[in-house]
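Those sequence lines, one after another, are chains A and B. Everything in the first sequence is counted per this note's numbering, starting at 461 for the first residue and increasing by one. Everything in the second sequence is counted per this note's numbering, starting at 461 for the first residue and increasing by one.
Check before you lean on any hint, since a few could be wrong.
The list cannot tell twin chains apart, which means a pair is met if one copy fits it or any two copies do.
Unchecked claim - Quick list of in silico lysine-lysine cross-link-like pairs, DSBU-like style, CA-CA up to 30 Å:
1. 756 x 1074
2. 756 x 958
3. 768 x 1061
4. 958 x 723
5. 941 x 1074
6. 819 x 1081
7. 819 x 722
8. 768 x 722
Note that these hints are calculated values from the structure, not bench results.
2 protein chains.
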Amino acid sequence: MPLDRASLIPALTNVATRLRIDSLKSTSEAGSGHPTSCCSMADLMAALFFAEMRFDPRDPHHPQSDRFVLSKGHAAPILYAAWAEAGAFDRADLLTLRQIGSDLEGHPTPRLPFVDVATGSLGQGVCAAIGIALNARRIGSDYRTYVLLGDGESAEGSVWEAADLAVLNALDNVCGITDVNALGQSRPTMWQHDMDQFARRWRAFGWHTIVIDGHDMNAILDALEEARRTRGQPTMILARTIKGKGVSFVEGKEGWHGKAFKKGDELDRALAELERQFVPTPEGSEEVSLASRIQKPPSAPRDAAAPKPVDPPAYTMGQEVATREAYGTAIAKLGVADSRVVALDADVKNSTFSERFEKVLPDRFYQNFIAEQAMVGAAMGLAARGAIPFPSTFACFLSRAADFIRMTAISNVNVKLAGSHAGISIGEDGPSQMALEDLALFRAEPNFTVLYPSDAVSAERLVAAAAYHPGPAYIRTSRPKTPVIYANDEPFPIGGLKVLRSASSDVATVIGGGITVFEALKAYDMLQAEGTSIRVIDLYSVAPADAAGLIAAGRATGGRLITVEDHYAGGGIGDAVAEAVAGAGFTVQRLAVREIPRSGKPEELLERFGISAKQIVHAVKELTQVRSTKPQVRA
Amino acid sequence: MPLDRASLIPALTNVATRLRIDSLKSTSEAGSGHPTSCCSMADLMAALFFAEMRFDPRDPHHPQSDRFVLSKGHAAPILYAAWAEAGAFDRADLLTLRQIGSDLEGHPTPRLPFVDVATGSLGQGVCAAIGIALNARRIGSDYRTYVLLGDGESAEGSVWEAADLAVLNALDNVCGITDVNALGQSRPTMWQHDMDQFARRWRAFGWHTIVIDGHDMNAILDALEEARRTRGQPTMILARTIKGKGVSFVEGKEGWHGKAFKKGDELDRALAELERQFVPTPEGSEEVSLASRIQKPPSAPRDAAAPKPVDPPAYTMGQEVATREAYGTAIAKLGVADSRVVALDADVKNSTFSERFEKVLPDRFYQNFIAEQAMVGAAMGLAARGAIPFPSTFACFLSRAADFIRMTAISNVNVKLAGSHAGISIGEDGPSQMALEDLALFRAEPNFTVLYPSDAVSAERLVAAAAYHPGPAYIRTSRPKTPVIYANDEPFPIGGLKVLRSASSDVATVIGGGITVFEALKAYDMLQAEGTSIRVIDLYSVAPADAAGLIAAGRATGGRLITVEDHYAGGGIGDAVAEAVAGAGFTVQRLAVREIPRSGKPEELLERFGISAKQIVHAVKELTQVRSTKPQVRA
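So that you can see chain A by itself, here it is in the shape it has in the complex (with noise of 0.2 Å):
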């Protein structure tokens, strides 16, 4: 039975004064972190933990669980006290904040069972949430998303991404609150208290907006309702607040940005304040604990639609398909076969091929139009909740979401991009078209698995590996037709390479990834011809890479390696394959882009910035001269 107004709400003022407590206090202990950050929101998260939400705090995966993403993550202690308070762990816990041996770290991470997403890097928050509540839809739940972001986040672009992401999916299942408590980092936030700034932005943007005092809590148990009736639209509730509140001599003042109260006297002085907050509850409800008041989820069964099967590669040796289109033949495959593969678009779709997967599956696939850091954000979310989504677009452009990617591995979710148009050979659109620091960016992430099919054989494979390899995982495709050159029951494990050409008299190997593998193809072609031989290396999975089967192709050529990638020298595949077989005391050469391209025909670029066929022959010829006229390396 809910308990009436008159109970409730000194029963969740007392509530919001112990997470106030809880934050100080943990904070203190830990010698730093953000509580002034947390008692801003104090109320707002006593209303919606244990007046609102539906969840159990012994099972914070239960699929039918509304969630709640921290989106100001520096506020972490108080997420970590409501749990606490809430019954999920013990409240002493809380001391071990920041320690390193605890969980509870300084910002959120999924760690903890009851953090979907990581965050702390700032708006990014609001974007996984968008895409919790798609998942919703995705297995049929009425699950409700809340997301609470600081006023500071709102000047991220990522947060108006998020913002018409809901509106176009017409998400009335996501409730925003923003904690507008004016103070930034480093000085008063860009709309300090003006509450017309927020309203009128997010009312533009299409969401239904509440402003109310974020400290009166019948006004944010209204909201919250008012949200909760709000029907083919998403709620927005702009809180009025004050950062340090209930802490007279830190409210609304600058300077306590990320500063831990001092052990002794002036944390005694804050918290003897706050102690006298507590209120008297009316008669018999004292003893009310609203944790075992939290209403449970309805028990469902758990997301467990077996996959099928998926179809293999029906290819013909030669063919010649972009392994961009094979890679959309692949998800659409993949999507039929397992209900959580769901794919994600930036208005490319026909040039990933994408739009494949939107044939066959329109329900599961979800345009963001321009708005990568959106879409890996909801990509993010998606995953957490159990799906396993393919964001793609240019690869080039999913460096607009490279903060996201950054989170996604710090998250360790299933999140698995796909970038196509890799490197100079996309030709006349020129550089800012031309993804040549891709795999920098995904390999430098220790947890990211980084594949770059040849063909379209082994882009079918990939894909299919990625999706159930656990974590998050990248895949490059490329912009031109290449001939199909495996045969469509090969397989392509992760970690593995492929051995194209040997022969004991090589002279040198040369790896090669996607487009070049077959600028390598071509230089042993030319180099046979001369009576020279080369083995050819196909190195499909960047990472892991395959350090024994590099060492071995190594030994068995002189410990002579040339890389050849399309792709800047830094961060790629010479990078990837000098890692693996260091120690080996191998020479590696590295043919790659090294200096900002142009326009031109695909053949063109590839010879002007070294890594075609006849540079590749070039480079062989060099390193076999050299090495000859100098000691061997003995391997």
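Use these hints to put chain B onto chain A, whose structure you have.
Coordinates of chain B only, in the frame set by chain A:
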């Protein structure tokens, strides 16, 4: 004498027709491009270039010239056509579009003198335009900045970051024009021709907003005049247009994005239709060349304030100063010495210490609030017009602007980015605040200088070196205080390194950067106590790296190199060193962060994630032991 409207309108109409014809001809000749995206904006371009802007076609870089940024860079052909029409170059050159020998690339780059910043990654030009407008204030010029964007790209969050930034700075010298042609690449745009969707957003963000028919020349001229007369706020002209306007069989049709007309019948039909759109002009005005009537910029001295010498560093040996703090001191000194130097912040000035610049030079300090894309985009625009901008934030949040950094590289402008709080040594805040892939990001760009000071002296010296080194640069600083180890007069040339410990008996070379230099020095002491000697190198210039210096050290220390970096293993110092010494037959062992880190004390994290002094000692021992049982590398 200005023409009256009766003469002007038909003349402009004919210019627009010629621009359409040129756009079609050049893209058909190239066999690719976006003619329909040009046709929708032809009337806007004609009015802007030939009745509104003041500029000198023969001197596009004139400091008093009005500026034009084509944010929808794929419409490059009409930009080129307009400059040819204005007399900047021969119209016949338009037919070299997209050829490898031509600077008329698929998307505009500053290889062309009339292009300030490269565009083609959507939603960026508008950010650059804000920077260009800020520069007008810096040099005290009344030049105006015009930026034309597409409706599709208005979905990019960066557009709304720019919108805020322009209003915050009350930039009434900015006029945006949105070409609302309602068709994106793969489908109709998000809001299609619902002009109110655009108008209410721009108004909500505080722009003066004018909705017009983008093919009504009178309305265009009126709107441009209204924009020019608007004070205290920027203006956005929202122009309803038809994609493919002028060629009836493609007007408003899907499937024509990014498609050139086929030479022969298809092109001929289109051209014939356009030719018929030339209109008669009032008697006498037919011969009027609008090009000759373009208003020239007022003559003014070029931006020639000679920089004064920068005060040298003034530290005492052993003094504990964080490099981020020395960075703040350095940019403030630079700013005092050189009026071209400006600083940009994203609400972390008290952490990056850029507040020291603001304190002495508030007029050249631009606060962007939490909007890193706009910050870097504005820096591009400032740099393109002669400023030397230092945008700074936490290094991890520069990844938010990775695509802008990519375009900075393509633009090859003097943007000097600085990222603080590098790596796990920040401690308790946790992984979301740790930059562990920033070196990979910047090192991938072939024309970026990447600098990494370890102490306050090197920080000050490297900031000054970056400022005056042509092209983009990145400076990585650390959170913890480190002791000063260099004399105030120590030189730090770009491309160099410092050998800090060296003896003939060195068994290995340990190469660090920033914080790990001090771990290496500690390891040196620990090993020295056991009678083992190592060489220690401070690789303060990561790109370019001093290959000769590294090879010399390797040769002197048995070919054993150990890199240690507060960065992930991919793309950073280890890869940089490995590439620099490739071919020397050395073993490069990399100590780097190899998994997603977590919160904890800095020293605990250095230990746990393998980059502490103890771990270096361990690596040295292992490498020397292993090596002693294996054949020596001959170098």
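Is it within, between, both, or neither for residue 756 and residue 958, if the alpha carbons may be no more than 30 Å apart? neither (52 Å within a copy, 63 Å between copies)
One pair to classify: residue 819 and residue 1081, alpha carbons no more than 30 Å apart. Within, between, both, or neither? neither (50 Å within a copy, 60 Å between copies)
Taking 30 Å as the upper bound on the Cα-Cα distance, should residue 756 and residue 1074 be classified as within, between, both, or neither? Close neither inside one copy (67 Å) nor across copies (50 Å); limit 30 Å.
At 30 Å max between alpha carbons, let me know whether residue 958 reaches residue 723 within a copy, between copies, both or neither. Neither way: residue 958 and residue 723 sit 61 Å apart in one copy and 43 Å across, limit 30 Å.
For residue 819 vs residue 722, is the C-alpha pair at or below 30 Å within one copy, between two copies, both, or neither? Intra 60 Å, inter 28 Å, cutoff 30 Å: inter-copy only.
Please work out whether the CA atoms of residue 768 and residue 722 approach to 30 Å or closer within one copy, between two copies, in both situations, or in neither? neither (58 Å within a copy, 45 Å between copies)
Pop the pair residue 768 and residue 1061 into one bin, within, between, both or neither, using alpha-carbon distances up to 30 Å. Answer is neither; intra-copy 43 Å and inter-copy 47 Å both fail.
With 30 Å as the alpha-carbon cut-off, assign the pair residue 941 and residue 1074 to within, between, both or neither. within (20 Å within a copy, 52 Å between copies)
Figure legend: structure checked against the earlier numbered hints; hints not met, in rising order: 1, 2, 3, 4, 6, 8.
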